[in-house]
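Number of protein chains: 2
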Amino acid sequence: MLSDHKNYAYLHGEFVPLENAYLHVSDLSIQRGYGIFDFFKVQEEAPLFLEHYISRFFQSAQLMGLPVPLSEEQLKATLAELLQKNKLPNSGVKMILTGGYSANGYDPAAPNLLITQQALTLPTQEQVARGIKIITHEYVRELPLAKTINYSMGIRLLQEVKARQADDVLYHHGGVVTEFPRSNFFLLTQDNVLVTPAQEVLLGVTRRNVLELARQQYQVQERTVTLEDIAQAREAFMTSTTKRVLPIVEVDGKPVNDGKPGPVTLQLLEQLLELEQKQFID
Amino acid sequence: MLSDHKNYAYLHGEFVPLENAYLHVSDLSIQRGYGIFDFFKVQEEAPLFLEHYISRFFQSAQLMGLPVPLSEEQLKATLAELLQKNKLPNSGVKMILTGGYSANGYDPAAPNLLITQQALTLPTQEQVARGIKIITHEYVRELPLAKTINYSMGIRLLQEVKARQADDVLYHHGGVVTEFPRSNFFLLTQDNVLVTPAQEVLLGVTRRNVLELARQQYQVQERTVTLEDIAQAREAFMTSTTKRVLPIVEVDGKPVNDGKPGPVTLQLLEQLLELEQKQFID
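Listed in order, the protein sequences are those of chains A and B.
Just so you know, we're using numbering that gives the first Met the number 0 here: the first sequence kicks off at 0 and counts up by one.
Just so you know, we're using numbering that gives the first Met the number 0 here: the second sequence kicks off at 0 and counts up by one.
Hint data in this document are derived by calculation from the structure and do not stem from the laboratory.
Careful: at least some of the hints might be erroneous.
Because identical chains share one entry, a pair is satisfied inside a single copy or across any pair of copies.
With a straight-line Cα cutoff of 25 Å, these simulated SDA-like cross-link-like pairs (lysine to any residue) come out [said to hold, decoys possible]: (1) Lys93 <-> Asn103; (2) Lys5 <-> Tyr105; (3) Lys93 <-> Met152; (4) Lys132 <-> Ala197; (5) Lys84 <-> Leu265; (6) Lys5 <-> Tyr21; (7) Lys93 <-> Val15; (8) Lys259 <-> Arg163; (9) Lys5 <-> Lys84; (10) Lys132 <-> Ala102; (11) Lys277 <-> Tyr100; (12) Lys132 <-> Thr120; (13) Lys93 <-> Pro254; (14) Lys161 <-> Leu144; (15) Lys5 <-> Asn103.
All chains, full assembly: derive it from the sequences and hints.
Structure, rendered in structure tokens:
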């Protein structure tokens with residue numbers, strides 16, 4: 000990248016250098032943590048599975064009572080223009096919609112739409128081969144179907160995750176597993192049924208893609224998953240836009256099966272990578 | 000106020016005109032709703048019950064793992080300087096501490112401390128005489144003892160509050176009452192016992208002051224309060240820094256007792272006003 004090539008953000012209807020993208024402190028995200036967002040991947044300058052992310056962005060906005068100041072078509076045109084300006088081949092694009100500049104610090108005003116694009120770190124082959132260790136924590140997100148900006152619990156738990164030498168934390172509710180702060184959870188039963196929690200989870204786009212891939216080869220169930228199911232599982236993994244399919248080898252200090260990434264997990268990752276590649280070619 | 004008299008805010012270690020107080024979009028309040036705050040009243044240019052608010056601010060910060068960049072003494076000196084600059088006799092001061100400018104939009108960085116002071120609207124005599132109508136909603140805040148900036152639920156419920164012609168919404172958990180988004184809840188039983196929820200509530204400074212005043216005259220209990228208790232109550236009211244003691248005359252469409260502000264409620268309000276006045280004189 001040339002030194003004079005600026006990275007741009009979209010804010011208040013115009014493109015500004017990211018370093019100059021500021022919100023006034025009366026914004027309801029700062030005052031009250033009130034906002035929604037979505038995040039998609041760009042590979043070779045092309046957005047992946049864009050339709051799904053856009054439609055979820057609008058759904059989250061609706062669930063939180065936030066009108067999106069652009070139509071879907073206008074938003075897509077704006078995204079295309081931003082990508083064209085930034086020319087970041089492999090990156091992530093984040094769209095944030097906040098409650099706007101509130102006069103009294105509580106009542107929503109005209110929402111602020113912010114779009115940023117930044118370089119993205121994806122899991123390395125070594126990380127995939129090693130798998131990740133997770134801990135569990137009792138918690139349910141307030142509005143699981145809405146992708147709100149509220150990650151207080153996830154960030155607050157970072158210290159515990161680190162202290163327990165883990166990589167992430169899986170939420171459960173009385174032993175019923177839901178999701179990670181930023182990823183979905185899957186397991187493979189001893190009978191080779193692929194299972195993912197159905198309730199109180201964000202419907203991840205990668206979750207959706209993996210379910211679609213898996214249905215062609217395995218029995219698949221979206222249902223209640225318990226911590227006890229994990230203790231009995233043959234394989235486990237997380238899915239997200241940035242993590243893709245990442246094997247889980249340890250939960251609360253206990254190995255998942257033999258403590259190694261499972262073959263079905265690794266196969267689904269391969270197939271997801273092919274699917275991403277296909278999107279790019281099409 | 001003279002037209003050239005600016006209202007100042009404190010941000011990044013300096014005083015800036017409020018209109019110029021901006022945070023970069025990488026701030027974790029914008030990215031992840033991650034921050035805490037506190038809010039106190041200023042009467043005749045003097046802060047009321049400042050010690051309690053400061054100590055709660057530090058407690059919230061600790062609960063969320065956010066180091067406050069100033070010591071208590073430094074913070075007090077900064078507040079005094081801000082009040083001196085702004086000369087807003089009757090106002091509210093808000094201190095917000097966010098997770099800072101995060102490089103990856105998730106991991107906390109050096110926290111940003113923001114302090115603003117703005118004119119304050121307090122309940123009028125007419126509002127007190129009329130009392131307020133409330134609805135109830137099943138919800139528990141994530142970390143009730145921490146005053147985090149997460150008000151997603153409260154703001155999202157504004158539309159329902161309005162649609163049901165109410166003034167506020169009281170949270171409960173399986174019929175066990177906790178608090179309002181920004182206020183505490185009290186009721187007086189038929190036996191003249193003053194009761195307020197003990198668990199899963201923010202420990203309001205006004206709640207504390209009212210409890211202290213009430214203990215001199217009534218039997219007082221901090222305990223479990225249920226929706227059924229409200230149905231049987233003789234009086235009910237909310238407390239907060241800005242609402243002081245505000246009578247509740249209707250809950251979910253049903254009158255509290257005779258549907259009028261109760262004498263004990265109004266007496267406690269009088270005593271709180273006296274206590275505030277005394278602070279100012281001392």
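Are any of the numbered hints broken by this structure? If so, which, sorted upward?
5, 11, 13
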